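Spelled out, the chains give:
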Amino acid sequence: MTTPSDPRNPPNSLDAPTQPVSSYDDVTTIQQASTVAAPAAQASQPRRGVSRRAVVIGAAGAAVGIGALGAGAGYALSHLQPLGGGTSLGSSDAAKITHLLRRAGFGSSPAELETYLSLGVSGAMDRLLNYAHVSNDVDQRLASLHLPFTTRANLVRWWLARMTLTQRPFEEKMTLFWHGVLTSSYAKIGKSVNLPLMIQQNNLLRSHALGRFDDLMLAISTDPAMLYWLDGRYNTGAAPNENYSRELMELFTMGIGNYTQDDVHQGAKALSGWVVRDGKGIFVPRRFYEGTITYLGQTGHLGLTDVIRLVCAHPSTPGRLARRMWSFFVYDNPSPSDLQPLIDAYHQSNHLISAMVQAMFHSSAFFSEKAYRARVKSPTEFVVGTVRAVGLTPDVPALTIMGQASAAMGQTVFDPPNVAGWPGDGVSASWMSTQAWLSRVNFVNLLLQGATGALKGRREGAASAAAAVATSPLQQVIAAQKLSKPDDVVNYFVALLLDNQLTTDRRTMLSAALTGEASATGPTLALAGGAKLSAAALRQALYLLMAAPEYQMN
Amino acid sequence: MQLSRRAMIRDGLLAVSAGMIMPAVFSRAVLAARNAAQEGASWAQAAQQRTLIVVQMAGGNDGLNTIVPYTDSAYYQARPTIGVKASDVLHLDERVGMHPSLASFQGLWGQGKLAVVEGVGYPNPNLSHFAAMDIWQTLDLSGQGSTGWLGKYVAGLVDKDGHPFQSLSVGASLPTALQALNADVPVVGDPKAYALQADAGQAKSAAEARVQALLKLYNTYPQSAPYAALLDATAQSAYSGSQQLRDVESRYQPQATYPSSNLAKGLQTLAEAIVEGLGLRVGYVTLGGFDTHAQQANTQANLLKDLADSLAAFYADLAAHGASQNVVVMTWSEFGRRVEENASLGTDHGTAAPLFVLGDAVRGGVYGEPPDLNHLDNAGNLTFTTDFRSVYATVLDGWLGAPAQAILGGDFGSQGFLQPS
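Residue numbers (this note's numbering), protein chains in the order written: chain A, 1 to 554; chain B, 1 to 421.
Excised from the complex, chain B in its bound form:
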């Protein structure tokens, strides 16, 4: 785990390190071992090489037009104009099929490496983007939580090697799902820009002296100052991470043609971390723009195409590097959308929706229960059939070897979308 100020204080390391810069990798490893001994909520990794990639589809993806119940007349009654025609649907089985823009998923589906989980949601759904996102990310159904489910997992990891990229979020800021007091998760926008630049014409020794002086300013910043721990942990992690990325950046060669989208670039960054053995356990990337209140057909089609094309390239890249057997990808969105289309050729906020899980370790198929389009709630929304926490439990327990009940705070069942290990 990362060398957070809080952890340093707890372990009495601060007094030792004040005025000197301890090699970050070393101190993290020491700390990780101490944490393992001192804290109950830590776990060794059952599967050292395994990685979970989480793709957030922000804005509320219209699930009914993603996994289309093309044999259900209620679907076409509710969506006379924006419904996906049965003839356009990419059939998965006799009941449902994929939006045609997900064509790049067909290969994975054919190989039995793509699972769909239907009807995923939670009780008393909240139609607010932000409350719903908080519920999915913090597990607190009141929408008042602050610690993320993946953050809890990362905080408990024991990593003897002190990998800076045990977890990694792509973008500029950290998603709530990865936030936890004791988890310092690096955020990478562009791997090439993930470095401390030197002054013009600066000798290497002078540049290094400047970095060391700067880190000392962080290391000795008064602990009582607001966000002191955050600032220190961020600077240390950025420095050690940038050193490591610099070492691998020239080595990694993608073995697939990625689309030019930001999602694809982000997935490529995650592929680099996996292929180059940076110890990545959890990777996170977000694709936004799913809030399709109006004129949704083109918007959603473009987004779904980006999703499928990017993930197909990501999988192909990993497979070509011999790394796909170690990676499972899951998607999520804060809610699906209203069953009935609105007059703006769009859909308003809804509830339960399907999500995707893919990878070599996945057992392809359709899981969960299809929500009933003939029994909607008062607002005209679907009633969920599959608790989102059962999906989390499956990947935590069945894939990452982490104690799902401890992280989720209860037993919410599991889903059958993973191959027996």
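This is chain A alone, in the form it adopts within the complex:
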């Protein structure tokens, strides 16, 4: 297929990073966005993007120039009215694409949306899932953030930045999935000099994310961070340590009920002999068990490769893997018939993860009503997705806030609660609690102040407040999308974040916030065509949108 140009943001144009802030109250620099438009994508947009958009936005679509979703915004948006009762995807390709972007990634930024919409549903899915073809400058962008792997907080900042800035969102989403399954924590990595081993594991998960499951399991079994996390480095033939052997079967592959305590013990012998040296997993023959082992019904001089072969070939393994995957990407508590195509794909492809992924995303259930807004957003999805949504390119202080906010919501990447990962990855209701909810809506409150220049304005004083608003991320979204009326701004974000699926009465509540008490005073944003919009009023409306129940769901 023709690959369009990357929907990337232009380079980061931030203030020099300031000292990381230690609490929300100190935040003064969550501010500044990249220029939001996607000029590269627009300049080289293939012609078929236009016709595709015509399908998306209706008969008049072809008359809308190659631009953002909201180019001639009032007009285009008027063709994107809510469908049905506002709780299903209906037949809207645009809605399907934004749903897909949330599940296979972290939602869309304003700059990316047009590119994905232009591809249509199947094109967007192809670009997301087959990301090896998509060029990615995320490593350069991360390098400019200067985040040495010397502190736990920097590891978190690094990955949150990567998820926010990548042009391959599904690559990061799959890595996050595997991090919840084959998990490890920086809390058990020994000295801080070992912290880079967590990134090494993260890169291992990324590079094996869609490959053969056996290869992934073989690699993770001797990964240094995993040898720390589940004590494999202590496991010797003379004195087996059962930790990794048990979790390999119970959590990573076959599941409980399919093995005995003796299998755990014998498996530990077969897995013995590995240590961590110079940041690598090294096999030390004299630490390995020399004798005959009977493991899962097989007897012989079994070792690591035999164990991995047996657990990956066990009949219960693909079903458990499929369940983890479906629960993470589609909805909680899938039925056996939901999972069967994934299990079949595992067998037919000789254990290719990519085959399971394709089966899952191409399942009719993926766009079904049952799947729609069916999972509570994880803290990482919420934080990364919301930052992306307002067009903010995070600097180091912003990344600090993102990490703190995610922790308060119940997730710190690289620090799972235990070896089973985060319960919310399986049952998304676990992500919701009163504290988590307060942390979510408070994050929205703070982020919108950053995205409208209010934090910067407050920091730098009244004289520069107007300039802070004028260069704010949301001002740039308004300009790039040529939004000319206050309601257009709200409607644009309803389309971007809620797939335009919001009942009229609820949309009216958001619009009402634009003209409430908050609109009377304070700095204003410039709408296309010269009208003004109170920044406080816009925050009021977008707060309600992002704090609303619809937005808590993915």
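Hints were generated in silico from the structure; no laboratory data involved. Small disclaimer: the values here were computed from a predicted structure and weren't measured. Take the hints with a grain of salt, since some may be wrong.
For lysine to any residue, the following SDA-like pairs were computed, each having C-alpha atoms within a straight-line distance of at most 20 Å [unchecked claim]:
| hint | chain 1 | residue 1 | chain 2 | residue 2 |
| --- | --- | --- | --- | --- |
| 1 | B | 204 | A | 515 |
| 2 | B | 305 | B | 88 |
| 3 | B | 204 | A | 522 |
| 4 | A | 191 | B | 295 |
| 5 | B | 216 | A | 508 |
| 6 | A | 188 | B | 261 |
| 7 | A | 482 | A | 511 |
| 8 | B | 216 | B | 195 |
| 9 | A | 188 | B | 286 |
| 10 | B | 85 | B | 71 |
| 11 | B | 216 | A | 505 |
Using the hints provided, position chain B relative to the given structure of chain A.
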């Protein structure tokens, strides 16, 4: 009880409240009274002021190095390197003593306010962390349960005052023990962050209007949508709870020096709820990290020190506020560890283990039966002597005045660690 969407639908309140925000405390009280009338599984509280605090020691605490059988040669044979030396043990009696890192418990022990229950477990023990945790929390020995034993208790509470903090879990997410369909249990990480923040420079009236609009969006979210009830109940509870915490946050002054650990911070949050009369009946906090497969000595010592120091401060704080007579604390862990140490200077997953109960109402001493170190199961683990449900029954029935048999689904006996009331 909390105003859950399910309850609102059942009681026909939803139609009334759509489009308006009923004061949450009021609607909860109405609802609680209706539930009391309509549901069999509700109970008035025999003891309105009493509180149970549950401390989960996650990961599987090594019981044999916690309550050490320092006179048993089999213990030292199985643990030649990581065994706690008899000379280091804090003697409780002629047979067992505490790990030296539990020194802060000695005061409570001396006052007769600390009980140890030995050999606690269940039949056919499961060596999986997660199956074992589910069994302890849901009472379902198959490991397939989903409703927590404390959740069942909370769901049945009749609280005419509609206290948002009848139950409270410290942290970011809700433990399985407190999960039940009709129990909406608030979770508090940091009491100071348990508030809805206003926009910069926002007038109070505008901030309040925004909150009301937001709650209306929850109140009117389509009931058929996935997790609609959860979202609505969570938002309502968070709002009413944050109002109440804001009112008391400035009043509470701790009267003890707590350690700086997360456990201590969590216990301090629970102390605040108790001291300020928020109606707390069940509080829950977790201390993790007990999965000591390797190099366990330092890890476990630090954790046990945190446990004892934090709980001693918690007790001292309550006592100084005149509230300790109303609070009983119990600990639990999903399993003990293998009797024989492994070659990594650690221990693998095991079975039965001791737990602690403490408070003014506790009758100090060692309860249960000591497991026999000379008669282990096939995997080299202890055979339990005390059913964990007998401990639950004791605190439910004897302390909280709740029908233990109804909650536990049977009669599992009881233990004698509470003072006769």
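Evaluation of the provided hints:
1. A threshold of 20 Å between alpha carbons decides the hint, and for residue 204 of chain B with residue 515 of chain A the separation of about 17 Å falls inside it, so the pair holds.
2. At most 20 Å may separate the alpha-carbon atoms for a hinted pair to count; residue 305 of chain B and residue 88 of chain B meet this at roughly 14 Å.
3. Between residue 204 of chain B and residue 522 of chain A, the direct Cα distance comes to roughly 16 Å. Compliance with the 20 Å bound is thereby established for this hinted pair.
4. Pair hint residue 191 of chain A plus residue 295 of chain B holds up; C-alpha atoms about 15 Å apart against a cutoff of 20 Å.
5. Among the hinted pairs, residue 216 of chain B with residue 508 of chain A is consistent with the structure: their alpha-carbon atoms are about 13 Å apart, no more than 20 Å.
6. Under the criterion of a C-alpha separation no larger than 20 Å, the hint pairing residue 188 of chain A with residue 261 of chain B is consistent with the structure, at around 18 Å.
7. With a C-alpha separation of about 18 Å, the suggested pair residue 482 of chain A and residue 511 of chain A falls inside the 20 Å cut-off, and the hint holds.
8. Simply put, residue 216 of chain B and residue 195 of chain B have alpha-carbon atoms about 18 Å apart, close enough for the 20 Å limit, and the pair holds.
9. A hinted pair counts as satisfied when its Cα atoms are at most 20 Å apart, and residue 188 of chain A with residue 286 of chain B qualifies at roughly 18 Å.
10. As the CA atoms of residue 85 of chain B and residue 71 of chain B are separated by approximately 10 Å, the hinted pair is consistent with the 20 Å bound.
11. Distance hint between residue 216 of chain B and residue 505 of chain A is fulfilled; the C-alpha atoms sit about 11 Å from each other, no more than 20 Å.
Every hint, counting from the list given before, is met by this structure.
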